[in-house]
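Asks: Please construct the entire structure, taking both the sequences and the accompanying hints into account.
2 protein chains.
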Amino acid sequence: MYIGGGSIKRSGLYDKIRELFKDFEVSELPGIEPNPKLTSVEKGTAICKEKGIQVILAVGGGSTIDASKHIAASACYDGQPWDLVKDRSLVAGALPVAVVLTICATGSEMNSGAVISNEKTHEKLEINHPLLYPRLSFCDPTYLYTLPSKQTAAGAVDILSHVMEQYFQPNDEAYITDVLSEAVMKTVVKYARKAMDEPENYEARSNLMWASTIGLNHLLTVGKGGAWSVHPIEHVLSAYYDITHGVGLAILTPAWMEYVLSDKTAPRFARFAREVFGVGEADDRKAARLGIEKVRQFNRSLAMPSTLSEAGVLEEKFDEMAAEAVRTSGIASRAYVKLQVPDVKNILMNCK
Amino acid sequence: MYIGGGSIKRSGLYDKIRELFKDFEVSELPGIEPNPKLTSVEKGTAICKEKGIQVILAVGGGSTIDASKHIAASACYDGQPWDLVKDRSLVAGALPVAVVLTICATGSEMNSGAVISNEKTHEKLEINHPLLYPRLSFCDPTYLYTLPSKQTAAGAVDILSHVMEQYFQPNDEAYITDVLSEAVMKTVVKYARKAMDEPENYEARSNLMWASTIGLNHLLTVGKGGAWSVHPIEHVLSAYYDITHGVGLAILTPAWMEYVLSDKTAPRFARFAREVFGVGEADDRKAARLGIEKVRQFNRSLAMPSTLSEAGVLEEKFDEMAAEAVRTSGIASRAYVKLQVPDVKNILMNCK
Chain A
96 MYIGGGSIKR
106 SGLYDKIREL
116 FKDFEVSELP
126 GIEPNPKLTS
136 VEKGTAICKE
146 KGIQVILAVG
156 GGSTIDASKH
166 IAASACYDGQ
176 PWDLVKDRSL
186 VAGALPVAVV
196 LTICATGSEM
206 NSGAVISNEK
216 THEKLEINHP
226 LLYPRLSFCD
236 PTYLYTLPSK
246 QTAAGAVDIL
256 SHVMEQYFQP
266 NDEAYITDVL
276 SEAVMKTVVK
286 YARKAMDEPE
296 NYEARSNLMW
306 ASTIGLNHLL
316 TVGKGGAWSV
326 HPIEHVLSAY
336 YDITHGVGLA
346 ILTPAWMEYV
356 LSDKTAPRFA
366 RFAREVFGVG
376 EADDRKAARL
386 GIEKVRQFNR
396 SLAMPSTLSE
406 AGVLEEKFDE
416 MAAEAVRTSG
426 IASRAYVKLQ
436 VPDVKNILMN
446 CK
Chain B
96 MYIGGGSIKR
106 SGLYDKIREL
116 FKDFEVSELP
126 GIEPNPKLTS
136 VEKGTAICKE
146 KGIQVILAVG
156 GGSTIDASKH
166 IAASACYDGQ
176 PWDLVKDRSL
186 VAGALPVAVV
196 LTICATGSEM
206 NSGAVISNEK
216 THEKLEINHP
226 LLYPRLSFCD
236 PTYLYTLPSK
246 QTAAGAVDIL
256 SHVMEQYFQP
266 NDEAYITDVL
276 SEAVMKTVVK
286 YARKAMDEPE
296 NYEARSNLMW
306 ASTIGLNHLL
316 TVGKGGAWSV
326 HPIEHVLSAY
336 YDITHGVGLA
346 ILTPAWMEYV
356 LSDKTAPRFA
366 RFAREVFGVG
376 EADDRKAARL
386 GIEKVRQFNR
396 SLAMPSTLSE
406 AGVLEEKFDE
416 MAAEAVRTSG
426 IASRAYVKLQ
436 VPDVKNILMN
446 CK
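Chains A and B are the protein sequences, given in the same order. Take the first sequence: its position 52, counting from 1, is numbered 147 in the numbering used here, and each next residue is one higher. Take the second sequence: its position 248, counting from 1, is numbered 343 in the numbering used here, and each next residue is one higher.
Hints are computed from structural coordinates only; laboratory data are not their basis. Positions of the beta carbon are idealized from the N, C-alpha and C atoms, including for glycine. A portion of the hints provided could be inaccurate.
Unchecked claim - Derived lysine-lysine pairs resembling DSS-like cross-links, with alpha carbons at most 27 Å apart:
| id | chain 1 | residue 1 | chain 2 | residue 2 |
| --- | --- | --- | --- | --- |
| 1 | B | Lys433 | B | Lys389 |
| 2 | B | Lys215 | A | Lys281 |
| 3 | B | Lys181 | B | Lys215 |
| 4 | A | Lys319 | B | Lys289 |
| 5 | A | Lys412 | A | Lys359 |
| 6 | B | Lys389 | A | Lys381 |
| 7 | A | Lys440 | A | Lys389 |
| 8 | A | Lys319 | B | Lys281 |
| 9 | B | Lys433 | A | Lys281 |
Stated by the list, open to error - Which bits of chain B does chain A cover? Going by a derived footprint, with three or more residues having C-beta under 8 Å, they are:
| id | stretch |
| --- | --- |
| 10 | 273-279 |
| 11 | 291-302 |
Replies: Shown next as C-alpha cells:
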C-alpha cells in the first residue's frame, strides 16, 4: 500500500512510483494531513485488513511516515488503533514500512516513534516500539527541491529542537554526544535559510536532510536521556489548534529557555550559545542570554511567527493546555528543569 | 566458538563468559596476535569446519574481531581463506559473529572490514563485505579498565587516524560530516591521555570507546569517500616489521601532513588545526603548520615514538615497502593527494 501527502502528485514522484510498482497490486491512502490524525490511521488500518496488505510504502514527511507506522502496527492488532498509543505493550506485530522521504524534519525515517493526534480527545501522543523502525528509507535530497519555503523552515526548526531537547539534559559526561549534537545544530543554522532561498541547492538540502535523520535516530541521546521539555508543550498546541509543529516549537523554544535560565542552567546555555552560534561572551549568564537572542534571530530569519496569537492560539485554553502538557509527558518528573502546570502556563503567557 | 587474545584470562572476563555459555558446546581459539595472521585464520577456519561451529564470539579488540570475521567467511568457503582477501566476490556466506569489545581502536565492532596479515607474502590487506558486520557487539567501557597504557595510547592514535583519513578528502560540501568528524577528533584529543592516567575513569573510557565505534562505522564517510593515505603505508610497515599499528600511524601521520601541505591542502589542514586543536592563527598556511605540530605534541603526550628507527623499522626496506604501499592501495590514484612510489619513499625517509 502507498501512503502519502498531496504534493508528490505535483512533483512527478507519484507517477514514478506507480510506474515502478506497475506489476504489483497497490492500494492508496493519499492526503495524510500534517499532525496526522487517528481517523486517517483508522482508515488505513481498515484498508490493510480488507485487502491483506503486505508492505506499506510511506512517501512523504514525518506525518505520512508516522501514520504509516501506526497503521502498520494496527493492521496486526484486533482492537482499536488508539489502544496501541495508550499501551504500547499491546503492539505484537507490524507490517514492514518502507519510506521515500520528501520532507526533512522529524527523523521518523530512521527511528521507531510515531506521533498521532486524536481529534476527539485533543491528545497528540507518541507510540514508540522497536517493530516500528522503517525497514528501509530512501533519502534523496533532490526530492526536497519542490518543498515550499514554509515547510523547509518549519522542518529546520523541528530538527534544531530535537537536538536541543537531547542536548539540554543534566548529564555532562557524555562529551562526545554533546559535540556531535553541536555539529548537527551548527549544520541546521548554516543551511536552513539557504535551502529556503535556493530550493535546488544540493549542498543545503543534503546537509539538512542528513541532519534531520541523525538528529533523531538515537545517536544524540547516547549517555544523555531524560524527558523532553518543549515538544510536550507544543504537542498540546498542535492537538488543540492544529498549528504546524515547527511553528509552535519556534515560538515556545526561546520562551522556555528564558523561563528555565538560572545559575544551574546558565553554563550549558552559554556553551550552546558559544558552540552553535559563535557567541564570544565569557560570562555564562550573559552568553546564555545572547544565545536565546540568537535563537530568536534564527527563527525570525526563517520568517517564523514569534507569538502564539500570530499562530492563532488563544489564551482561553492556556490552563487546560498546560495541565494536559504535564499530564501526558515527563516534563514535571524527568525533564532538564522540572516544570509544573503553573510553570507551563507562565511560559504560554510569555508567548502571548 | 570463542576467539580471543590473552588478556581476558587475567581480567576475569574469560571465566564470566565460560560460565554464561556453560550449557553450550564451545571451542576456543585463544591467542590471536596483534596484526592478526593468516595462519590464525586458517587454524580457526579448520576448527569451524571440523566442529560445525554455528556462531563465533570475538572477545577482544580489532585483531580478534578481524580474525573472527575472516574465519566466519572462510568457514563458508571451500577454498583457501586468503582467496577471499584477494577477491571479495568469492565471499558467499559467513557465520554470525558477536563481539565483546575489550580494546577500543579499530571500530571493527560496527563495520564490515577486517585487516589480515599474510606472513609469507608480507601483505597486510583488507577484506570488506556486508556479510562481515558483527550481528551484535557489547561495548562496556568498564572492560577497558584493565587495558594497559600503551594499548590505550595506540588505540587513541588509531581512532584519530581513521577520522583524519575520512576528513582529509577533496569534497568540502559534506559540511555535516566534517563537523561530526571534528567532534569525534576533539573527543579523542580530550580523553586519550586521561584514560592512560586514570584507567578506571568511566567518562574517559566511555567517550573513547564510542569515538572508536563511530570513528569507523561509515557515519563519517557520508558525502566524502576517496582512498586513504596513511593507513596503506602503515599496513606495509606492520606487515614487514610487525609493529603496533597505532605506533606506525603516530610516526607517519605528521610526516604525511608535512609532505602534502600545499596551497591546495592548507585551508583544510588549517581548519583541522583550528577546530580540533583550537589553533587561533588566521593565516591558513601558518595554522596548518601549527596543526601538524599539535599532532606531534599529542603523540608525544601519549608517549608514542616519533621515528621509524625507534620502532625498529630499517631504511633498507624503504624502497620495497613504498612500492608495496602503492601497489596494494588507492594512494596513487584516489587519495586526497595522490602519491607515487618516490613520494612514499620520501615520507618514510622523513620519518627515519
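Asks: Taking the hints in turn, state whether each one holds.
Replies: Now the hints, each set against the structure:
1. Lys433(B) to Lys389(B): holds (24 Å)
2. Lys215(B) to Lys281(A): Not OK: Lys215(B) and Lys281(A) at ~50 Å, beyond 27 Å, violated.
3. Lys181(B) to Lys215(B): holds (15 Å)
4. Lys319(A) to Lys289(B): At roughly 21 Å apart (the allowed maximum being 27 Å), Lys289(B) and Lys319(A) satisfy the hint.
5. Lys412(A) to Lys359(A): Answer violated: Lys412(A) to Lys359(A) is near 31 Å, above 27 Å.
6. Lys389(B) to Lys381(A): Cα-Cα ~32 Å, so violated.
7. Lys440(A) to Lys389(A): holds (24 Å)
8. Lys319(A) to Lys281(B): holds (19 Å)
9. Lys433(B) to Lys281(A): violated (32 Å)
10. 273-279: Since three or more residues must qualify, the claim that chain A covers the stretch 273-279 of chain B holds, with 5 doing so at under 8 Å.
11. 291-302: holds (count 4)
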